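K.L.:
Listed in order, the protein sequences are those of chains A and B.
If you count the first sequence from 1, you need to add 95 to reach my numbering.
If you count the second sequence from 1, you need to add 11 to reach my numbering.
Please keep in mind that the hints were generated in silico from the structure rather than gathered at the bench.
Here the structure is a predicted model, which is why all the values come from computation and not from measurement.
Be aware that a few hints might be false.
To be verified - Here chain B is said to cover these stretches of chain A; the calculated rule only asks that three of the stretch's residues, wherever they fall, bring their Cβ under 8 angstroms from a Cβ of chain B:
| no. | region |
| --- | --- |
| 1 | 137 to 147 |
| 2 | 187 to 196 |
To be verified - With a cut-off of at most 30 angstroms between alpha-carbon atoms, the simulated DSSO-like pairs for lysine-lysine come out as follows:
| no. | chain 1 | residue 1 | chain 2 | residue 2 |
| --- | --- | --- | --- | --- |
| 3 | B | Lys26 | B | Lys74 |
| 4 | B | Lys96 | A | Lys202 |
| 5 | B | Lys53 | A | Lys202 |
| 6 | B | Lys53 | B | Lys26 |
| 7 | B | Lys53 | A | Lys206 |
Think of the CB as a built atom: it goes at the ideal place given N, C-alpha and C, for glycine as much as any other residue.
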Amino acid sequence: DVVLTQTPSILSATIGQSVSISCRSSQSLLDSDGNTYLYWFLQRPGQSPQRLIYLVSNLGSGVPNRFSGSGSGTDFTLKISGVEAEDLGVYYCMQATHAPTFGGGTKLELK
Amino acid sequence: VQLVESGGGLVQPGKSLKLSCSASGFTFSSYGMHWIRQAPGKGLDWVAYISSSSGTVYADAVKGRFTISRDNAKNTLYLQLNSLKSEDTAIYYCARGGGLFDYWGQGVMVTVSS
Chain A
96 DVVLTQTPSI
106 LSATIGQSVS
116 ISCRSSQSLL
126 DSDGNTYLYW
136 FLQRPGQSPQ
146 RLIYLVSNLG
156 SGVPNRFSGS
166 GSGTDFTLKI
176 SGVEAEDLGV
186 YYCMQATHAP
196 TFGGGTKLEL
206 K
Chain B
12 VQLVESGGGL
22 VQPGKSLKLS
32 CSASGFTFSS
42 YGMHWIRQAP
52 GKGLDWVAYI
62 SSSSGTVYAD
72 AVKGRFTISR
82 DNAKNTLYLQ
92 LNSLKSEDTA
102 IYYCARGGGL
112 FDYWGQGVMV
122 TVSS
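Excised from the complex, chain A in its bound form (with noise of 0.2 angstroms):
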């Protein structure tokens, strides 16, 4: 199985304050049709996951623009440039080139 390495577990931001959050996999995530299926998730609390980004870097339809993804291969990254109080939660990336495996989960709160 493919592992998926997320850091910081935990992230303390103030209101406004731009944040990343990193994504290792255990194993190169191109796939043989030149795409790369990774995607990051927030899971607000008592919510279901909202898909944020699919393939790398392109924002989910009716997600704010303060939101950003990048990397490639086996390193990914999660932007948040001015964190919102509604940005709170648990964040997740996930990969789908090979069978579907998650990152452990990084959790935003306020500082």
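We have chain A already, so just place chain B on it with the hints.
P.N.:
Here is chain B on its own, set in the frame of chain A:
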């Protein structure tokens, strides 16, 4: 687009349960679908996938015990859970596939306990 899971509940170890996911707002038959679960207080864990042509893939932890299926006429996805174990206790979500993972249901709770 809406996905609504049902069929969860409390079940004894070794018993069976069948979950349903009713889909609306899109052409269900054109999309692969996933089941993903989340144990209480834990992270997300992919369970199974069924393609639009009904090909299936399973996580090792459930292979041979769980069966994913679909009824395109009813716009419904299913997950048959057999030989349940305590470690199968989780919220089970269905999610739209096709490389999208853009829509998820609200989840249904399955508790395996004697």
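K.L.:
If you draw a straight line from the CA of B:Lys26 to the CA of B:Lys74, is it 30 angstroms or shorter?
P.N.:
holds, 16 angstroms
K.L.:
For the region 137 to 147 of chain A, does the count of residues with a C-beta closer than 8 angstroms to a C-beta of chain B reach 3?
P.N.:
Three-residue rule met by the region 137 to 147 of chain A, so holds; n is 5.
K.L.:
Hey, B:Lys53 versus B:Lys26, does the alpha-carbon distance stay inside 30 angstroms?
P.N.:
Satisfied, since the Cα-Cα distance of roughly 24 angstroms is no more than 30 angstroms.
K.L.:
Sort out whether A:Lys206 lies within 30 angstroms of B:Lys53, counting only the CA atoms.
P.N.:
holds, 23 angstroms
K.L.:
Taking only the CA atoms, is the gap from B:Lys96 to A:Lys202 under or equal to 30 angstroms?
P.N.:
holds, 29 angstroms
K.L.:
Assess, step by step, whether the Cα of B:Lys53 is no farther than 30 angstroms from the Cα of A:Lys202, and give holds or violated.
P.N.:
Holds, because 12 angstroms separates the two Cα atoms, which is no more than 30 angstroms.
K.L.:
With a Cβ-Cβ cutoff of 8 angstroms, does the region 187 to 196 of chain A contain at least three residues near chain B?
P.N.:
Check passed, 6 qualifying residues.
In the structure shown, no violation is registered for any of the earlier numbered hints.
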